[in-house]
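**Student:** Sequence lines, in order, name chains A and B.
The opening position of the first sequence corresponds to residue 629 in our numbering, with each subsequent residue numbered one higher.
The opening position of the second sequence corresponds to residue 629 in our numbering, with each subsequent residue numbered one higher.
Please keep in mind that the hints were generated in silico from the structure rather than gathered at the bench.
No residue lacks a Cβ here, since even glycine has one placed at the ideal position from N, Cα and C.
Hints are supplied without guarantee of correctness; some may be wrong.
[Unchecked claim] Short, incomplete list of chain A residues facing chain B, as computed with Cβ under 7 Å: (1) ALA686; (2) VAL727; (3) PRO920; (4) SER1003.
[As the list claims (entries may be wrong)] No more than 27 Å apart at the CA atoms, straight line, and that leaves these computed lysine-lysine pairs for DSSO-like: (5) B:LYS888 / B:LYS831; (6) B:LYS728 / B:LYS846; (7) A:LYS1005 / A:LYS888; (8) A:LYS677 / B:LYS846; (9) A:LYS887 / A:LYS825; (10) B:LYS677 / A:LYS677; (11) B:LYS831 / B:LYS846; (12) B:LYS825 / B:LYS888; (13) B:LYS728 / A:LYS728.
Protein chains: 2
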Amino acid sequence: MATIAMKFGGTSVADLDRIRHVAGLVKREVERGNKVAVVVSAMAGETNKLVAWTNEAARPDGAAGSHGIPDQREYDVVVASGEQVTSGLLAITLNAMGVKARSWLGWQVPIETSAVHGAARIEGVPASAMKAAVEGGEVAVVAGFQGVAPGTRISTLGRGGSDTSAVAVAAGIGADRCDIYTDVDGVYTTDPRIVPKARRLDKISFEEMLEMASLGAKVLQTRSVEIAMLNRVPTRVLSTFTPDVGGTLLCDEEDIVEKKPVTGIAYSRDEAKITLQKVPDRPGVAAAIFGPLADAGVNVDMIVQNVSEDGDKTDLTFTVPRSELSKALAALESRADAIGAGAVTHDAGVAKVSIIGIGMRTHAGVAQTMFSTLSEKGINIQVISTSEIKVSVLIAEEYVELAVRALHTAYGLDAA
Amino acid sequence: MATIAMKFGGTSVADLDRIRHVAGLVKREVERGNKVAVVVSAMAGETNKLVAWTNEAARPDGAAGSHGIPDQREYDVVVASGEQVTSGLLAITLNAMGVKARSWLGWQVPIETSAVHGAARIEGVPASAMKAAVEGGEVAVVAGFQGVAPGTRISTLGRGGSDTSAVAVAAGIGADRCDIYTDVDGVYTTDPRIVPKARRLDKISFEEMLEMASLGAKVLQTRSVEIAMLNRVPTRVLSTFTPDVGGTLLCDEEDIVEKKPVTGIAYSRDEAKITLQKVPDRPGVAAAIFGPLADAGVNVDMIVQNVSEDGDKTDLTFTVPRSELSKALAALESRADAIGAGAVTHDAGVAKVSIIGIGMRTHAGVAQTMFSTLSEKGINIQVISTSEIKVSVLIAEEYVELAVRALHTAYGLDAA
């Protein structure tokens, strides 16, 4: 007998038949003698509909087709209704199937969050009442994606937030594990749409998964992996539609026996490169450049600084999310005098490819294999960035598939 | 400067354009210097959609088309989301128009109710935080129809409950008046669809409105009139689409100068008549009959007992809502032995017509005019029931329109 949290995303609860299927999976766990909390997303499509309504309501002039930015606290009130409906419907279905269940909304659990409406951060889940109900044998059906901000206002966690809700609920009730049911059957060595020989991983360490998620693998939201890691919640990713096949377990590094040099390969196309030429090579210039970008809310990722010919000038290159490129350029232009660069060039046709593996800590020459493999394929590396367990390179976007496939083979990840 | 509560029903907030129109009406009140709380229903159609989902989720065997009875607490969670969405959207629209506003859900106000989920009764509105916000100049947009039951579970008030929410909120914040915006421009002397000469009433007393509502006039929910009367909240009914035309004020009896004998004529087709023949005329027989009906949740309305020929037997006739007829007959049949009646007959082809007026207290012969008017038209009166300010008669349903028109003329209510 174990206490488990289960999480089902929007496609898993897209209509009443699928909700019934989900109820069946929950019932199965209860019949195995487990205590269960289930976290659900909104029915697929509902959140988009609600978001569109909020944008339309916010149009300042009332002209059809024009959009505005809605009051974020009220945006949360409207959008959170989607998960409320699903949690109620699943609780009704479970009760009709003879499984005692009740819904818990974010404010009822409570899932306490920061006041950053629309992208709130979970700060605590003091779920003692819910925990007692679960321990008493009642299934808790928790509305995902939502919480309660200071002042008892409804908050939402931002897209993908239901994963985070699930792991936080698992931690809050002291669950033995958290099962994330989704439309894929686990975490793969890389994106199977690009590499048909990609393999499902039976296990992956929290640290690796964190890098995979933040580097573009979209199976889990980054924050959910952070919370799982911090609270040491064993977390499984598995398929709603084939729950008995496979799955991937996120676990502590120590629980992984065979540490390959590289566990997975991630990529991201949401990249743009900015180069400032002939920047004065003096103290304070980096602050003059990155200060305005931070103020404008631009997330700078990779940074590289080259020495230029004449010694007192330097070229500075960095990447930003493609969607933030124009905002970044505007921020730099407004401070051009203070920066004193020669010219600013940019390129939105770039992509980031990363190799990830805890084995890098103990294996030598891992990065060298990456560089030589790309070189053999004639792929130019524009920027390199490394951490303890990953190496990322920026390349021209057109080479992404080629690069990922070549690296997948080079690191021995191809399925037999 | 006044503090006012405004209420808008489902057709008034049916889409984002109408919500914008409503926001314009709210803004106008704010610009007049008034402090405003607005109560909104769900967008027209939304509640029906949500209710259908709960029924489908509750089907025990999962067969398409079959329905079940959903867990009522979870039903409330699902259905209350409709008003949550509207309140958020209206708050967004108001803020976009430059009017400071925030939404308040039932549990946030809080609107405290009984635990009778699906048909909860408002027990208190300790709205001090909301009152302070309204007094500070912020528009409160309250989700109607919902409240919070003991144990912080979401509750709903049953159909039409948003009227009740509005009056309760008005009382809770000590509003100077409550304006109920609807799709008609006020309360009429009778149903204008039947009597083209029906007139809009400028004023009606709470007591009369209570009778009108409970006798079939569908402008306001009965419970909302009760709360308005108990808390002495001046309440206006007016049109969302022509807010500057007319309207009807519900007020204290003393505020009505000219007290006509009859103020309005109501009718109800939701009636069925049951007659028990040759019931033993002895103590306890009424209890033997009406006890089982009460246990079965049947609302008995008019009751009349005739003396039968042979002295020790009596005929008993009463009415029930037409929708409860089969339930009533089943309850009587199960106790037929205890009752000992000769035969049970029933008739679903009946209707109730009522005359209402506080003037009856001081005018004589008011009922006699009703009886003679119906007699002249050849309409047979089957049952009569009276109270201090109304007379109701049961007649064959086919005569309803004729009876209402004749009475409207007889009591001098026709428009010039």
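**Student:** Against each hint, give a clear statement of whether it holds in the structure.
**Tutor:** Status of each hint after checking the structure:
no., hint, result
1, ALA686, "holds, 5 Å"
2, VAL727, "violated, 11 Å"
3, PRO920, "violated, 30 Å"
4, SER1003, "violated, 54 Å"
5, B:LYS888 / B:LYS831, "holds, 12 Å"
6, B:LYS728 / B:LYS846, "violated, 34 Å"
7, A:LYS1005 / A:LYS888, "holds, 24 Å"
8, A:LYS677 / B:LYS846, "violated, 33 Å"
9, A:LYS887 / A:LYS825, "holds, 20 Å"
10, B:LYS677 / A:LYS677, "holds, 15 Å"
11, B:LYS831 / B:LYS846, "holds, 17 Å"
12, B:LYS825 / B:LYS888, "holds, 17 Å"
13, B:LYS728 / A:LYS728, "violated, 43 Å"
In terms of the numbered hints stated before, the structure departs from hints 2, 3, 4, 6, 8 and 13, listed from lowest to highest.
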